[in-house]
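> Just so you know, the protein sequences line up as chains V and Z, in that order. The first sequence finishes on residue 610 if you use the working numbering, and the numbering steps up by one all the way, no holes. The second sequence finishes on residue 1237 if you use the working numbering, and the numbering steps up by one all the way, no holes.
Each hint should be verified, as a subset may be incorrect.
[As the list claims (entries may be wrong)] Pulled a few chain Z residues facing chain V out of the computed Cβ check, cut under 10 Å:
{"id": "1", "residue": "Ser728"}
{"id": "2", "residue": "Glu857"}
{"id": "3", "residue": "Leu874"}
{"id": "4", "residue": "Pro876"}
{"id": "5", "residue": "Lys879"}
{"id": "6", "residue": "Thr973"}
{"id": "7", "residue": "Gly979"}
{"id": "8", "residue": "Thr1013"}
{"id": "9", "residue": "Met1067"}
{"id": "10", "residue": "Pro1117"}
{"id": "11", "residue": "Met1200"}
[Said to hold, decoys possible] Selected chain Z positions facing chain V (Cβ under 10 Å, derived; list incomplete):
{"id": "12", "residue": "Val770"}
{"id": "13", "residue": "Tyr840"}
{"id": "14", "residue": "Met864"}
{"id": "15", "residue": "Leu951"}
{"id": "16", "residue": "Glu966"}
{"id": "17", "residue": "Asp1221"}
{"id": "18", "residue": "Met1223"}
{"id": "19", "residue": "Thr1224"}
Source of the hints: derived by calculation from the structure; they are not laboratory data. We put the CB at the ideal spot given by N, CA and C, even for glycine.
Each chain, written out:
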Amino acid sequence: MNIFKNIILHTLLLTAIFAVIPVMLSHGISKEEIQMRNHEFTMEVLEPHGELAFPERQGLFAPRLRDLNGKKIAITSVLPGSMAFFDTIKSMLKNKYPGVEFVHYSFGAPNSPDISAEIANECDGWIDGVKAAETGSRHDPGVRLEKRGCPGVAIVSDVLIKAKRLLVDHNGMPTCRVLAVPAVDYLVAKTDPELMKAVAEAAFDEIHNALIKPLTKEEKEVEDFSYDYSPKKFTGADYSEANEKFQQYCAENFMTDGMPVVPPTREAVDRMLAGTSYPSDKEIGLMYPKQGRATVEKIAINAVMAGAKPEYLPVIMAIIETITAKDFNQYHIVNEILPITFISGPIIEEIGLNNEAGYLAPGHRANATIGRAMLMCMINIGWRRMDVYSSPGGLGQPAAYANYIIPENQKASPWEPYAVSTGFKPEESSVTICEGIYIARGPSETLSMIGFEERLEQMSRMFSPSAGLFGFFGMPQNGTNMRHMVAIHPTFARQLANAGFTRESFIQRLHDKNSINWDKMNEDERKEFRDMVAEGKVPGIRTEDCKPGLYREPFAKPSDVAVIVAGTGAGGVIVFQTPVGSTANAEDVEVTRSYMHKVIRGATLTKTGR
Amino acid sequence: MSDEQNEKNDISRRGFLKGAATAAVGVPMIALPMGCKADIEEKSSSRNAEVLEVLNPRAVLHSAPITGLSSPRLTDLDGKRIALLSEKPDAVIFFDALEELLKERYPTLTIERRSSLSIREGEKYDFDAWIQGVKTSGSGRVDNEARLEKMSIPGVTITVDDLLPQRKRVAECNGLPGIRIITVPAETYFVCESKPEKLKPIAAAALNDIIEALTSPLTEEEKNPQPFVYDYSPMRFDGSSYDEAYEKFQQYCMDNDMGDGLPLTPPTKEAVNRMLSGTSRSPDEVLGLMVPRNGQATIEKVAINAVMAGAKPEYLPVIIAAVEGMADIRFNLYHISTGTLNSSALVLVNGPIAKEIGMNCRTTFLGPGNRANSSIGRALSLCMINIGWSFFKTEGGMIGQPTRYTHLIFAENEAESPWESFAVEFGFRPEESTVTLDECIWYDRLGPSGSMRPMPMEANMAQLASMVKGFTGGMTPARNAPAGPVFGPMDAESAINGNYCTLVLYPALARQLAAAGYSKQSLARWLCDQHRLPWDDYSDTQQESILKAAKAGSIPGLTIEDCKSGGTIPNFNPRHLAILVAGPMAGQAMGFYGGATTRPNFDNPGSTEIDYMTKKIHGATLTKAGR
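Bound conformation, chain Z alone (with noise of 0.2 Å):
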């Protein structure tokens, strides 16, 4: 590794020393205004003769406050027990090598190994400190660090470097910037393929830093951070022309993460009162608060973000909506702000106002090129960065996704459907606007086509089969399985019920489904009877937890019958396998696969169940619908 290299890692590795002073600036820095409001002051003869003053998009974080590291760091680490927290498989075997590497520097220690998992609230630990790690991949809410030092356990966290800053970030939200973080550099773990040859020399890397790391001394700023601090007044812009002014605020935006990266419009204080004339209620009223930093969701805001997306005034009741469901604790919105998968906001608009306000439901329905449907998509994103406050460059992903701009919205093509719309299938009357949200993990759009290949009915039935399918979600059968990583809920209920899937037709074949007798819920039950998984190839953990919910009757089309060798079990609960109509009428089907964003996990633990997040649109003023 050349210097610069080795530089870059020491420097990352004692971050977190700096990680406390830096995390806990870090978000106000960012928010100090770049000098305009110096400009102003200047020279009258300057030519800076125009002024932008704009309103500020930030929403009033109410976010744990900041408090410092209070539990002392061990002195020495002799006779002492220390809990390794191991992440994943990778981890365990790192923490092997670490694990011999300590007890050669310290004979007396003890070591207790655990998984992070095991880690509960309320609970009570006898060890001294612990080391968790090591971090891999995108966080939870509500994680260890914050509630082992709240304990009053001192510990270090590691992570590979590409993870730091969104390890920062949960440890702010948690109200604990200065918690210890410890980086390897990814490049080089990554590639160790969970051998302890290979893993054996990072650890071996990383062991004095992890040793200082649980020995030295609190500092000042760990023990008494900064606290949050940041302006919320409006912002001015100068320039010798308009088009200058403009360009100073795109740039800050950009520089401040305001932004995606692409032109918004200037939320100056006419348009913000343009824009809340369309709708009755007041600009004070409060939503609730959006994750990961628990932004307050005002009306105001909301109409400064949609302001800056480019929405027009009849459009502002639809993004409401949708941001009180955003903001609804019900819904899990942390897992698409955070994920490292960069997961989309699946939206879709039902009711008399996605005609009225021009939303498009027909030909290119997904993509660009019309105002409603584009802007009512970007000003939830930027609700999320501003209001929701996570940033891009923080929460862009390993990849990202472009679908991001404006997510994945569209409303249904009522007009030319057979059926009810999903809205009336959910209990609301046709008269009746709302907004449906779900997370979008994937799609598939090589679905059964009107246009291209037509084919009969019974084969676009089995190519609709086949994608659904073609999600591995619900409960994989483990009994054949490697070990290894096993993501998701692991009892049966959790998973089939959790696992969700939207499917998009296009009009003609919904039409042909209907006249072959069809409804959209029998429909979904057939898809559901097609997915059916056999019983004995299920783990016996899983078979356990199989026949407790086939005892509750939890899972429709589950019983006790089911429950035996030659049996099947279903993979889907039909409730939650929506089927929508979108498109031209020759269109192409498609399905969505979804987040489970409405049932409790551990980024939502305050969740009740419910089958989806639908909210009604209200307070419209500009159109008939939605008042």
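The following block holds chain V by itself, in its conformation from the complex (with noise of 0.2 Å):
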């Protein structure tokens, strides 16, 4: 009896699997739901990554100087403070090699011009060093003098060592010839000729080994770099833990910023894409240090993981499309992660950004994940690695998760909006993108409830020849470069507008206040300007340059400062300042402007930025 049942149950059991299975499918039940009930789930995600616009890789190819003797090596010194350092290498090749010779160059600020050519024709062979800052160009100038067949060797400090290695891979040479000595000796030794001759005796057999030895077949041959773009698959035995693999897998490949990202599945970018007019593969710009092609789909991708929503695509886009620009001093920013954003226009109410108290703190998804979309797609899209760029003096940006995204508050401005100031129409939508290396807060209202004139003076000496970057590296005698971006309370805007000012009469007030002109100054002006400088409070100029012709200016031109409208009543005044500004004198900018706007178009889901 007992085995009767069994087949019978085993029968229909059988019956179930095949004749069920197909009639639930045919409901539309999908493969995703029948993996679960059978203990496993399946996520697929697309490929977040920018493909490479110049993915052609080359090995090293010219031959290696056998002997010096003879021979003229380009010392390419990145730093005057470099020079105790190749004294010592100098003399002891030259004891090697008595016929040797060297001749000092420098390639300069980044957007200097590029004397590789001229090294090449002139010399054998070349040293560069010592880097030991992070900033820089892009461009690497061993590879350039690699590509021209003039071999030789960079010496970097050893905390900079992978964020070198890529450079020279980003420039289209992975194998060049990069030493590293160690920070902790060489930065002590800065100001110790006696230590740097050691440290210079202790890196020395390194660098002539560079120099001679020949060339390995791993050296010459190099493939180009390849990558596969196409959807990832990761299986677990529920969603979550499918998706913690998703999540893992993104922490170890670099591609998030640390924070939990959204699984860019085919439907979640699909719906992202809604949000935009525009095809799928138009190419919005490159992004760097890779120079990944930004198509709409990557950045839908990208704003998908940030936890964005499809009405806010178009300002992500528009974002991209301005630190993509031409004349954009792109690579400073993703080196070292300091965009500041003003939103201005109807764009800002629609999609609802936070314009009103607390609008730099989280909480609200407008404005947290159009900023960190700009940062995912740096990561993704420019294949940016955290763990390598960081900003000036290695510290990373802790604001960096979502960026400063200022939307301004039109509805409490006494002003014509932003957008409208920098030439747009009142129905359009703008973003307006620099960087911004120095932050200062001004007290807010809520701590003390001062009057408009003493807030006047207190804003103004924001911009004082010791306030800021000015404490820190003198204020300059020709401010083009300059760059502030300021965002104020509507308080401040409103008593500003009350008693006469517009943006630029309030803008020229602080340039007035604070320019310092020798020429223009009366007996008692200058007795108390060259007392204040005798006591050290004017960084950046000594007794000596107080006579006539002397002159500093906070900034250029009215123009140079961006003020734009942003927070509460209660609030307070901040004011972002570099000393070169991302559309001023700077690599990457031909055409020097004063800020770089971009309109919000294409958008589909909101009645303005169409």
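Two chains, two frames, a set of hints: combine them into the complex.
This is the structure in structure tokens:
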């Protein structure tokens, strides 16, 4: 009896499996769910990485020098501080090869003209170094020289070795010879010539070998950059296990900022793409450091990961369009992540950006995810390694998760919208981006309700010769490169307007109150100024500078200061300052501008921004 | 003002009537799950086949029980005595105008003028009613409103409208959501610049509402506000795909203030169980209560929030220790959670666990990119939101701080430091792992730099000294200062011992200093010595208080001999000038300016003084350290 029962049961079961499942499928139950019922869940996500515009890579080809006698070696040093290091290296090389000659060059600031042709003509080899600071050009001097057939070696401090190896790779020659000196020794030795001698001596053999050792097969034969851009699958016992595998994959492969990302499945990305009328394969620009193609779809994938909603996509696209625009110094922002973004126009209300109390605080999806999408695009489309690229001093930027997104509070502003003041129409919405290295906060209303005159004084002092970066570098003689982005709270804006100030006249006042112009000072003012200089209160100016012709300015012209009204009545003022603005005289900027603005376009889910 | 604006003002001024109702139900209203349970009941033929069920991250509240207002309002103001409690100098002038107007209307009324700080627990007052104001900044924990109503003295608070949500929250936290509040528009109040002719019209506009607030009888809701009710059960979200269900979960968290605006990992039962495997401690263990609303932090609730933050199970013991610190009554979490500065917590991890779980203490140690740093910091932020019940919409500060997503969290670079770690300096063993908490009011990253501009040692030290001087904390000499509001403690012992600063040096600089013979302690003492201020610059009251502290010996480096003309007074206690080592070998030094989080003050009356809040990490199961 039991055996029959078992056979019948088994038959029924088999029938169920073979009959019911097709029935289930035909009723539109997903494969995912069937797998789930079989205790397995698979998640398939699209690839957020940008495809490289220039995946070609080449190996070293210039033969190394075997004998340095009779050869001219270029020393391309980064900073004058490397001189002491190279003095020792040069004398030790001269000991070995009495006939060697050295010529000094400097590649200069990141946007200086490229002198590698001249060097390659004149010299037989080169030593570049010692790079100890994080900032610099996106081009590599060594790669430029090797491409012209001139062999050499680059020296960096060991904290920068990963960054340097990435840099030579981005520039197409991953096997360039790079050496490290221990930062701990090198930096201390910079102020002590005797110590520097020891550091150089310790590095000598490696440098020498790098100059003469013949190229290996691995150094000569290099494959082009390749990567599998197809969708990736993650499987687990349930959704949460599959998701965890995906999160851990992202963390291990440098695809995230450390926080959870939303899985960019095909469905999620399609939903995101519904926010724009632009075709998904349209290329917006190239993102550094690896020059990945930012297509509309790639931006959408990263926007999904950031947690954004489809109606935010046009804003995110305008942001990427701005930083990848011609004549915008994108690399510096990517290297140090300090973009400040102003948003102006009717789209703010439509998508629910917070422009009132706590506009820089967490808690608002639009503000948070739009800022994060910018970072995700840098990380994935540009291939920006968060563990390598830092900010000055290697500290990292704690605000980078959501960046500084500042939406204008037009309702509370006495002036015309910032977008209109920069030439857009009232129905248009714009984004404006510039880097902001130093951030200063003025006192807020909640702490002290002071009078308008005093508030204006305090505001003015934020642009004084000892404030912010001026306190560090001194105020410049020619402020053409300075940029200041200023967010003021509605109370102060209203007080300014009541006192008859326009945006422009207010900015002009900041200039006039803080510029130093010896020729326009009377005797009393000159004496007072000389006293302050003597007390060391004016950074960058010494007593001997106090004579006719002395001139300093916080910025060159009013349009170089961007003023937006944001926040709430009880708020305060913030000033973001940079010595070289993203559209100033910097790398990749041929035509300078005050600021880069882009209009928000292609929106489908909002009335504005279409 | 437009009609729209008038209406807006009217509504907010009459807020005191609606306040009771809204405040009492405000919290439970946002707690009702948005129709998800109903959806499940729906047609099974629907394509909503995927269900995401998550545990509830919110903690059980142990705040003061909700009670109603009981003392009757005044029937009229004739012959009554009303106390005007002013907060700041602008309020004094506002009340001058209000006093005039009230006396005009009620000639037999008497007015008593006092500072709002003069009201004390346990004292008796003989005025019949009070008007407190004008609130223009974040408030302390216990407020006069609750005190006075409980003494059966009716009254009303005046606040700028920007701060109404905070006032309501304080009222709820003190158990009296019915407290009557009147608003004045911030946009006009703040441009008055404390000038009488400008404040008078505002007082005149508010007069009728103030009188009504003092005299109109209590409503039913004010007398019997709804008790706090919240549904702590798991939440379910459905969709035709997991994506859709997941998006509903995200949006729900956004709409109900359960997150920070960025994506959250769904805390399913499985995920929470996986997280709990990181600790040997029981999920029911109670760690303490978190302000502002006294939510009960259990290990399970911490685990739920840790999952949402994206943390891994091996990070859980670190997060637990940090929450223990935050819930400790000696730690002033209140100011971090609710201050209008929106300051961040400073979270320092010491000991071997940091390396084991992969925390970053080198290049870009403060920035994004490291799962451990990011998710541990974020877990603390979510615990403050969901266990402490502090919402960014109310407590996001006036401008806010983007560092609040993860606070400022890092591990000391103990491997490359020449000195003992912070934890060892404060008595822990090197094999122990700890978390130390502080508040970071602001930070200065323009310290001496190894990579950018190396300087001789003396120049580095001078720059460190000027960073320390740059913080205007401690006791600011007031002899020649203009009269005005003075914030912070008035007595020398609190001001100077409560002046906290943390310097973070990059390893190469630390090694230079160590080679020159400095220890952390001697460097701190040297820095304090650079910032001594002249005795002669202090006011008489301040000098009295300094002399008292000198006699009691309560400030290191201050002796009675310093307390005379020509002498100098320290502005820091070297024990509260913490020196840490972090960052890449060639980094940049920076300074964090702290908030005296472990000293008793009006936000933290129950505290006893301790130097720092440090908790040992224990109960770890997935790492060798922290067991």
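> For each hint, tell me whether it holds in the structure or not.
Status of the hints after comparison with the structure:
Below 10 Å, beta-carbon pairs count as interface contacts, and Ser728(Z) has none with chain V, the closest being about 21 Å; its hint is therefore violated. A cut of 10 Å between beta carbons decides the hint on Glu857(Z): the least distance to chain V is about 8 Å, and the hint holds. Look at Leu874(Z): its Cβ gets to within about 7 Å of chain V, closer than 10 Å, so that hint holds up. With 10 Å as the threshold, the beta carbon of Pro876(Z) comes within range of chain V, its nearest partner Cβ sitting at about 7 Å, so the hint holds.
Restraint check, Lys879(Z) versus chain V: the minimum CB separation of about 9 Å is within 10 Å; hint holds. Interface hint at Thr973(Z): satisfied, since its Cβ lies 5 Å from the closest Cβ of chain V, which is below the 10 Å cut-off. Satisfaction of the interface hint for Gly979(Z) is found here, the shortest Cβ-Cβ separation to chain V being roughly 3 Å, below the 10 Å cut-off. For Thr1013(Z), the interface hint holds, the least distance from its beta-carbon to any beta-carbon of chain V being 5 Å, beneath 10 Å.
A hinted interface residue such as Met1067(Z) counts as satisfied when its beta carbon comes closer than 10 Å to some beta carbon of chain V; here the least separation is about 8 Å, so the hint holds. About 7 Å separates the beta-carbon of Pro1117(Z) from the nearest beta-carbon of chain V, less than 10 Å, and the hint is met. Nearest Cβ of chain V to the Cβ of Met1200(Z): about 6 Å, under the 10 Å cut. The hint holds. Residue-level restraint check for Val770(Z) holds (minimum Cβ-Cβ distance to chain V is 6 Å; threshold 10 Å).
A least Cβ separation of about 20 Å between Tyr840(Z) and chain V goes past the 10 Å threshold, and the interface hint is therefore violated. Interface hint at Met864(Z): satisfied, since its Cβ lies 5 Å from the closest Cβ of chain V, which is below the 10 Å cut-off. Look at Leu951(Z): its Cβ gets to within about 8 Å of chain V, closer than 10 Å, so that hint holds up. Because the beta carbon of Glu966(Z) sits about 16 Å from the nearest beta carbon in chain V, more than 10 Å, this interface hint is broken.
The restraint placing Asp1221(Z) at the interface with chain V is violated, with a minimum CB-CB distance near 25 Å, outside the 10 Å limit. About 21 Å separates the beta-carbon of Met1223(Z) from the nearest beta-carbon of chain V, more than 10 Å, and the hint is not met. This hint is violated: Thr1224(Z) has a C-beta 22 Å from the nearest C-beta of chain V, more than the 10 Å allowed.
The structure shown violates the earlier hints numbered 1, 13, 16, 17, 18, 19.
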